[in-house]
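So the protein sequences, as listed, match chains H and F.
For the first sequence, numbering that gives the first Met the number 0 assigns the number 0 to the initial residue and increments by one for each residue that follows.
For the second sequence, numbering that gives the first Met the number 0 assigns the number 0 to the initial residue and increments by one for each residue that follows.
Simulated from the structure, these hints should not be mistaken for lab results.
Heads up, some of the hints might be wrong.
Some but not every residue of chain F turned toward chain H, in silico, with C-beta under 10 Å [claimed, not checked]:
no., residue
1, Ile38
2, Gly67
3, Ala75
4, Thr104
5, Cys224
6, Ile231
7, Cys384
Computed Cβ-Cβ distance ranges for the label pairs, DEER-style [said to hold, decoys possible]:
no., chain 1, residue 1, chain 2, residue 2, range
8, H, Glu22, F, Glu240, 19 to 25 Å
9, F, His141, H, Arg127, 25 to 31 Å
10, H, Ile33, F, Arg200, 46 to 52 Å
11, H, Arg280, F, Val12, 33 to 39 Å
12, H, Ser179, F, Pro37, 20 to 26 Å
Below, computed lysine-lysine pairings styled on DSS-like, alpha-carbon distance capped at 25 Å [stated by the list, open to error]:
no., chain 1, residue 1, chain 2, residue 2
13, H, Lys281, H, Lys201
14, H, Lys271, H, Lys281
15, F, Lys325, F, Lys307
16, H, Lys201, H, Lys23
17, F, Lys5, H, Lys23
18, F, Lys5, H, Lys281
C-beta atoms are modelled at their ideal positions from N, C-alpha and C, and glycine is treated no differently.
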Amino acid sequence: MPVLKPRPKPTPEILPGVRHPLEKYLRTDRLPHIWCSGCGLGIALSSFLYALEELEIDPDSVAVVSGIGCAGRFAGYVRLDSYHTTHGRAIPFATGLKLAKPELTVVVFSGDGDLFAIGGNHFIHAARRNVDITVLCVNNFNYGMTGGQVGPTTPVDGRTTTTPYGNFEHPFNLVYLAASAGATYVARWTTLHARRLKESIKEALRHPGFNFIEIISPCPTNFGRRNRLGDALDEMRYYAEKAVIRHGVDPAGAEVVPGREFIVGKFVDIEKPTYLELYRRKVGELFGR
Amino acid sequence: MPKVAKRRILAGVHFMNGDEAIAEGAIAAGCTFFAAYPITPQSEIAERMARRLPQVGGVFIQMEDELGAMAAVIGAAWGGAKAMTATSGPGFSLMMENIGLAVMTETPCVVVDVQRGAPSTGLPTLVGQGDMMQARWGSHGHYEIIALSPSSPQEAFDLTVKAFALSERFRSPILLMTDEVVGHMYERVEIPEEVPIAPRRKPEVPPEEFLPYRPTEDLVPPMACAGDGYRIHVTGLTHDERGYPAMDAEAHDVLVRRLCEKILRFREEYTWYEETMTEDAEVLVISYGISARVSLGGVELAREKGIKAGLLRLITIWPFPDEVVKQLAERVGGIVVVEINLGQIYREVERATGGRVPMRGVFRAGGRIHTPEEVLAGIEEVLRCRS
C-alpha cells in the first residue's frame, strides 16, 4: 500500500513583499482558508471587507457573528471581534451583543442552512423586531460542510446526498421571507456581482434596522457537481446569463428556479423604528434615561 | 403613573417570592441584560425583570425560544453586560446547547432553572427536582459547572448575587437550581444597603500581546469584550490560546482539562452547605432546595422521638461536595437522602461514601413536597436496616 503523505500547506503569500490590500482586516495567520476552490465565500468576504474599508468604519467597532457550516467559518478569518457560535444561533447571539453594546456595528455572516433551517425561527423574529443588525447569507443551495445535504433553499429536483432521487421539498424564497418577516433592507446578489454586492453591503451597514442580503454562491464541490452545473466559472457564466438586475420588485415573485432567469437587486429599503429606538423612546419618556 | 423605583438595590425588608427575589438579586448584582422565554413557574422572574431592568438602564428581551434566550445572554455577556436567563425544565433542555457554548467560550452568565414536575411537559405548575443531573451532564461533552440550590426566597436572593460573582470569578455559566415551591413561596427577604458588583477581569496587556485563551495562574483567562479594541476570535470549536480552532487531540485535551480544572481546583471558594444537629447524629439526612426544609421537620420529629438525626443541607450541588459528605458519613450509621426525583443526588451520595453506610432514599417523582413524617419514616427505616 502506498503511504499517503500529507501535502505541505501552500503559502498564502502571492508575491514576495506584496501585501493584500485587505490585510488589516484579515487574520492572515489563519490563511489559507478551508474553503474549496471555486467557492463563492471568498468573494463574499472580500466584498464585505471592501465595504468596511470604503465606509471607513473603525474596525474596533465592528463585530462579526457566524453560525456553523462553511459560511460559519467566516468569523474565523476576519480580524475583528468575531464570534463563531452554535448552529443556527448567530442571530440571537448578535441580538444580545447589539442590545448590550448598541454602539457596535453587528454583522451576522452565515449560510442558508444555518440561518433558515435550524435558525429560521430566530431569523424571522429578529426581522420582526427590527433589531439593528446586518445579516449576510451566502446561499449555496445545500449543506456544504457536512458533504452536500438537502437544505431549505435546495430547488425541487435538486440532487444532494440526502435527495439521491431529487428534492421533493419546495425551497424558501429568502428575499420574500425576509421582507414579509419585517426586514427593512432586503437585497439579493450573486458572487458574480461583486461590486454591486459591495455597494449593497455598504448601504445595509449604513441602514438602521434589520438588513438582509442574500448572496447566491457556487458550490462546485457539492451542489454544483451533483447537479452537473460545471465548475465555478460555469456557474458564474450561468449567473451572467440568468441574473436580471431589477430594483424595487415585489419579492414574492422573485423565486430562484434552475434554468430560469432570476431577479437580483434591492427589494426593500424602508425606514422603520428599530427595536432599540422604540425601547429608548419609551424608557426615556418614563425614566428620563 | 405608578411610583417608579429607579434604584438598583431595593434595600430594606420585603415580602416577596423566590422568583422575585432572584430578579432583585440579579439586578442588585449588576445584571443589565435578561433574555428569556415564558414558562411556568419562572414567569415571575421574567415579569419582574421586564419591569425593573428598564428602570436601571438595562435591557429585557423576550426571545422566541430558550435556544435564542441562552444565545442572546452569551452575546450580551460578550457585549460587556452581566447577563441572566431563567427557565424551567423544558426550556432548560433547549438551553443545554448554548450552555455548552458558554462553557467552551468561557462566558460569564447566570442560568436559573425553576424546576417543575418532569419529564416532558410533566407538571407545569407543580414542584420537581428532577433536573439535577441535567444540570450536571445535560450539555454534550465533559465539563464542570457550578450549580447552587436555594431553600428560601432570602437564599434565592443571596445565591443569585453570589452566582454573578462566581460567573465572573470563573468565567463560566453558573446554574441556580431552584424549584417551583421556593419560586412561589412568599417570605421575608431582606435586601442589604450595599451589594458589590463583581468586576470582569480585563486584559492588562495591549492587543498585539494579548492571547485571549492563555490562562492566568488561576487558570481563568482575562476577557476582552467586543469593542474593547482587542478584536479577538471566539469559537465553540476546540481552540488554542489565540482562540483559533485547533483540530487535534492534544489541544482538545489541554483545553477540556483546563476548563474542568479551573472549577475543581477552587472548590473551597464555593462549596457551601449547612449542618443542623449533626454533631451527635446517628442518622444523617441529606437534602437541598425545598426538600431540605421539609427534611429539617423530619429531623426534628426524629429528635422528639429520641432518635439522633441531623441534617446536611447542600447549597452547592455541583461540583458535588464529595469530601463534606464523606467526612460526615464516617460519623453516622445511616444516611437518608430526600429529593423530589427518584434518586439523582442519592447516587452521588452513594458514590461519595463508597456505599459503606446504609442508605435510604425518600423520593417523590414530583408534584408535591414531602411531609416531615415521610422523612421520619425514612430515618426510622434506615435505623432498622442497620440493627
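Can you confirm whether the C-alpha distance between Lys325 of chain F and Lys307 of chain F stays at or below 25 Å? holds, 19 Å
Is the interface hint for Cys384 of chain F satisfied, with its Cβ closer than 10 Å to some Cβ of chain H? violated, 48 Å
Between Lys5 of chain F and Lys23 of chain H, is the straight-line Cα distance small enough, at 25 Å or below? violated, 44 Å
Have a go at the Ile38 of chain F hint: is there a Cβ in chain H nearer than 10 Å to its own Cβ? Where the cut-off is 10 Å and the nearest Cβ of chain H is about 16 Å from Ile38 of chain F, the hint is violated.
For the pair supplied as a hint, Lys201 of chain H and Lys23 of chain H, is the alpha-carbon distance within the 25 Å limit? Holds, at about 18 Å.
Arg280 of chain H paired with Val12 of chain F, Cβ distance criterion 33 to 39 Å: For Arg280 of chain H and Val12 of chain F the Cβ distance comes to about 36 Å; the hint holds.
Restraint check, 10 Å cut-off on beta carbons, for Gly67 of chain F near chain H: Hint holds; Gly67 of chain F Cβ to chain H Cβ min 4 Å, cut 10 Å.
Does the alpha-carbon distance linking Lys271 of chain H and Lys281 of chain H stay inside the 25 Å limit? holds, 16 Å
Hint validity - Ala75 of chain F Cβ closer than 10 Å to any chain H Cβ: Result: holds, 4 Å to nearest chain H Cβ.
Status of the given 19 to 25 Å range, CB of Glu240 of chain F versus CB of Glu22 of chain H: Holds: the Cβ-Cβ distance is about 23 Å, inside 19 to 25 Å.
Chain H contact restraint on Ile231 of chain F - CB to CB distance below 10 Å: holds, 6 Å
Do the alpha carbons of Lys5 of chain F and Lys281 of chain H lie within 25 Å of each other, as the hint requires? holds, 15 Å
Checked against the numbered hints given earlier, this structure breaks hints 1, 7, 9, 10, 13, 17; the rest are met.
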